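Novice: Chains as they are written, first to last, in the working numbering: chain A, 568 to 1020; chain B, 568 to 1020.
Derived by calculation from the structure, the hints in this document are not laboratory data. Treat the hints with caution; some may be incorrect.
Unchecked claim - Each computed DSSO-like pair below joins lysine-lysine, with the alpha-carbon atoms no more than 27 Å apart:
| # | chain 1 | residue 1 | chain 2 | residue 2 |
| --- | --- | --- | --- | --- |
| 1 | B | Lys636 | B | Lys622 |
| 2 | B | Lys636 | A | Lys636 |
| 3 | A | Lys636 | B | Lys573 |
Unchecked claim - Listed next, with one range per pair, are the computed distances between beta-carbon atoms:
| # | chain 1 | residue 1 | chain 2 | residue 2 | range |
| --- | --- | --- | --- | --- | --- |
| 4 | A | Arg826 | B | Arg666 | 56 to 64 Å |
| 5 | A | Gly995 | B | Phe794 | 51 to 59 Å |
| 6 | B | Asp653 | A | Asp959 | 31 to 39 Å |
| 7 | B | Arg579 | A | Glu783 | 50 to 58 Å |
| 8 | A | Pro911 | B | Val819 | 50 to 58 Å |
| 9 | B | Gly885 | A | Thr643 | 31 to 39 Å |
| 10 | A | Tyr853 | B | Ala949 | 34 to 42 Å |
| 11 | A | Glu906 | B | Gly995 | 46 to 54 Å |
Being a predicted model, the structure only gives us computed values, none of them experimental. Every residue gets a Cβ at the ideal spot worked out from N, C-alpha and C, and that includes glycine.
2 protein chains.
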Amino acid sequence: MGVSTKPARGMRDFLPADVRRRQYVIGVIAEVFQSYGFEPLETPAVENIETLTGKYGEEGDRLIFKILKRGEGAGTGEADLALRYDLTVPLSRVVAEHRAALPKYFKRYQVQPVWRADRPQKGRFREFYQCDVDATGSTSMTVEAELLSAGADVLRRLGFTDFTIRLNHRRLLSAILDVAGVPADLHGTALIALDKADKIGRDAVVTEMTTRGVTETAATSLVTFLFGLTGAANIPALEAIAAFVGTHEGGVAALADLREILALAGALSAGAHVRIDATLARGLGYYTGAIFEIAVADLAGSLGGGGRYDDLVGMFLGQRVPACGLSLGLERILVVMGERGMFPPAVERPPAAVLVANFDAGALGDTLALAAELRRGTAGTALAVEVYPDTDKLGKQFKYAADRGIPFVVVVGTQEREHGQVTVKALGAGTQEAVARDRAAEYIVTNMGTSRG
Amino acid sequence: MGVSTKPARGMRDFLPADVRRRQYVIGVIAEVFQSYGFEPLETPAVENIETLTGKYGEEGDRLIFKILKRGEGAGTGEADLALRYDLTVPLSRVVAEHRAALPKYFKRYQVQPVWRADRPQKGRFREFYQCDVDATGSTSMTVEAELLSAGADVLRRLGFTDFTIRLNHRRLLSAILDVAGVPADLHGTALIALDKADKIGRDAVVTEMTTRGVTETAATSLVTFLFGLTGAANIPALEAIAAFVGTHEGGVAALADLREILALAGALSAGAHVRIDATLARGLGYYTGAIFEIAVADLAGSLGGGGRYDDLVGMFLGQRVPACGLSLGLERILVVMGERGMFPPAVERPPAAVLVANFDAGALGDTLALAAELRRGTAGTALAVEVYPDTDKLGKQFKYAADRGIPFVVVVGTQEREHGQVTVKALGAGTQEAVARDRAAEYIVTNMGTSRG
Chain A
568 MGVSTKPARG MRDFLPADVR RRQYVIGVIA EVFQSYGFEP LETPAVENIE
618 TLTGKYGEEG DRLIFKILKR GEGAGTGEAD LALRYDLTVP LSRVVAEHRA
668 ALPKYFKRYQ VQPVWRADRP QKGRFREFYQ CDVDATGSTS MTVEAELLSA
718 GADVLRRLGF TDFTIRLNHR RLLSAILDVA GVPADLHGTA LIALDKADKI
768 GRDAVVTEMT TRGVTETAAT SLVTFLFGLT GAANIPALEA IAAFVGTHEG
818 GVAALADLRE ILALAGALSA GAHVRIDATL ARGLGYYTGA IFEIAVADLA
868 GSLGGGGRYD DLVGMFLGQR VPACGLSLGL ERILVVMGER GMFPPAVERP
918 PAAVLVANFD AGALGDTLAL AAELRRGTAG TALAVEVYPD TDKLGKQFKY
968 AADRGIPFVV VVGTQEREHG QVTVKALGAG TQEAVARDRA AEYIVTNMGT
1018 SRG
Chain B
568 MGVSTKPARG MRDFLPADVR RRQYVIGVIA EVFQSYGFEP LETPAVENIE
618 TLTGKYGEEG DRLIFKILKR GEGAGTGEAD LALRYDLTVP LSRVVAEHRA
668 ALPKYFKRYQ VQPVWRADRP QKGRFREFYQ CDVDATGSTS MTVEAELLSA
718 GADVLRRLGF TDFTIRLNHR RLLSAILDVA GVPADLHGTA LIALDKADKI
768 GRDAVVTEMT TRGVTETAAT SLVTFLFGLT GAANIPALEA IAAFVGTHEG
818 GVAALADLRE ILALAGALSA GAHVRIDATL ARGLGYYTGA IFEIAVADLA
868 GSLGGGGRYD DLVGMFLGQR VPACGLSLGL ERILVVMGER GMFPPAVERP
918 PAAVLVANFD AGALGDTLAL AAELRRGTAG TALAVEVYPD TDKLGKQFKY
968 AADRGIPFVV VVGTQEREHG QVTVKALGAG TQEAVARDRA AEYIVTNMGT
1018 SRG
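Taking the hints into account, I'd like the entire structure generated from these sequences.
Specialist: This is the structure:
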């Protein structure tokens, strides 16, 4: 019919094998965060356009997908709605709208797609999932410590062992910039340059800062100090930073926060992974306290990041709502797990463990009944069972099962039916055995391990 | 800030209690369908506009949310993308696009939101979930029988016992209309009138048909015959219909299909629920074979429906792809389960079973460590544990737990810490007991039942 059957540009179809992997990771995330008392929130894909515009800067505004007015507004070319761009603005809206229904400490996780009209590139899509976990209502550092531990638990449960949680503090960065001699109005510029250090190198960072108006003395002092900390253990790093910032009020307060987070995380699973990293800047301007980012050696980007942002969630409420959040990079986690072969075998297979063959058109009812029996199983051995829908040659049915990765085919002929038996063919092992029909599910479960080959 | 914090018109925020209910139902649906070998598919929310337009009729085209062009197309007021309107067109696109990667029999379930710019009404939303299960590639009636049984299994697992699966056949309806004397070009009109019988009554159906050009003899013959079957058991109903349609070719073929579905379903869980209902028309024009609808007595609409539609899924492929599908009415199922109080207690509670109190600022690390211990649990007694983030009076913390529905609060003071003990307060029972710290998880699991009150 001439219409392209590709998904829209920058969007993806997730076939069953993709969905299984995605659901597995999302399932682990949900389970771990629920064990910390976080609860699921879902908001609409579509928001009123005023809810979104002006929240993401000029560049962000351009990347929002806008929806045409309908009805009386049709034909005007105007938009009144827009697609969700992140999960923080919807959280802020929900906190304002449903305030009375939410607990004082609202701890929510939200795993939903967002849409950005970015130029699609390798690994960058126009529809992608964000996975945000935020705790609102408290300024206690227990929140940071538990968020980092829950994040660490998720990654460990997924099989990551080699990750580092880089930890810094927005106010500490400001203090270091102040003390180095970077004027307050150039802090943003300096941080942007600093954020590129991994890519462009330290000398280029100094050059970029001086080009933007930072004195060479200040830029050099800053870069020399920050990168001089590389490799330092947490406590010596904090001591060196304390000596550098001296009595700077914000710096002293930030150091106290970091010391507390380190101490609390030390009692938890995050402790072994946290590294103080004074060069960590995080792009977004809204952070007000601790900031963190999860890194693995073989990935340029991060597997997640976040921080404290006490001034943002209250944007619609008109009052301060303290908040701290962690955003896990679901899409990146999936890529790394795929490259490293980290998915458990059960995730990499279709659900059906058994194909019930269909070769006797006269006994179709009994064929379906057999499938139902295997699905019910005996004593906790319920199986996922597919029935070959068309009556056909057995060879074709065996091939179908093999192509689909279904490990067992069960066949029941007239004679077997009379004797209360079935034949179970294990495709991996290549064996074939007659089994009592009411023991077939048990037999298959017992032989599952050996046949998966 | 003057901006409304309500979700956009016709859209909903799902707070944690809503999400838990939704996830529970979706989880049961996924588990049951997977046990029949169905696999999950996900497609993008946004499709190229040409993929959708012209697929849903004139009215449907008007209800599609259209997305404004960006970049060079910005300002033209033109749309190039649109929001998913159903799950059948995306399935058809996927079957064409990913043909080589899909099995010969592609059995997929898909639970995703769709968007329609309908006038919002009570129970009708502009963003709502569809839950479609389709099996493509086979014309065998085993597909119908298994779909109906999987649907029945889902409803039974959710606690429904009183549902009826109304079963009819598109070609049988045509045969009955032919034999009653309704000309072929008025079949559509007659079916629309017939579909309203529940609402407007039989006499009004006859009137509507005659107004639209059906002779009174034909209309009366049709309505008298169809509603004369009311209450008939399946076999007598089929016999009466067979006598009515006589040798009508389509009618005879359709009756054979229905007899086979009844026989096969009889071997499965659907058997007890299926009722032949020759008045069932189903609105959509694309059905080519069996049609079905799941009804419960106290609901005007249906909990789901579907049928065979052999000419639709191949729309983008340019060749026939046989298919049969069941669409479960997720939103309606949720409403009925809510009204009837059918959700299990565990779904109606927040995840945390324990709140660890925080009243000693000097022992925060140990407080967090205790929470981690309870989360790990002992011998399969892992618990979901929330920590009260701020150091505060115990009374406030007990009240917080009670308000949140968290049944246990664990407190550890200096003395208890020294003795390796904790105090466990059961909010339901109002009891408070000192327990060995390393037995606390076990103690709580043991007392869970009594404290939930």
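Novice: Given the proposed pairing of Lys636(B) with Lys636(A), does the C-alpha separation stay at or below 27 Å?
Specialist: This hinted pair holds, its Cα atoms lying about 13 Å apart.
Novice: Are Lys636(A) and Lys573(B) close enough, with their CA atoms no more than 27 Å apart?
Specialist: 18 Å, holds
Novice: Could you see if the CB distance from Glu906(A) to Gly995(B) stays within 46 to 54 Å?
Specialist: With a Cβ separation near 49 Å, Glu906(A) and Gly995(B) satisfy 46 to 54 Å, so the hint holds.
Novice: Please check whether Arg579(B) and Glu783(A) have a Cβ separation lying inside 50 to 58 Å.
Specialist: Given about 57 Å between the Cβ atoms, the range holds.
Novice: Kindly confirm whether 31 to 39 Å is satisfied by the beta carbon distance between Gly885(B) and Thr643(A).
Specialist: 38 Å, holds
Novice: Do the beta carbons of Pro911(A) and Val819(B) sit within 50 to 58 Å of each other?
Specialist: 52 Å, holds
Novice: Note whether the CB distance of Gly995(A) and Phe794(B) lies within 51 to 59 Å or breaks it.
Specialist: 57 Å, holds
Novice: Is it true that the CA of Lys636(B) sits at most 27 Å from the CA of Lys622(B)?
Specialist: The given pair, whose Cα atoms are some 21 Å apart, holds under the 27 Å limit.
Novice: In this structure, is the beta-carbon distance linking Tyr853(A) and Ala949(B) contained in 34 to 42 Å?
Specialist: 35 Å Cβ-Cβ, so the 34 to 42 Å window holds.
Novice: Taking the Cβ atom of Asp653(B) and the Cβ atom of Asp959(A), is their distance within the range 31 to 39 Å?
Specialist: Check passed, 32 Å falls within 31 to 39 Å.
Novice: Does the hinted range 56 to 64 Å hold for Arg826(A) and Arg666(B) at CB?
Specialist: 60 Å, holds
Of the numbered hints listed earlier, not one is contradicted by the structure.
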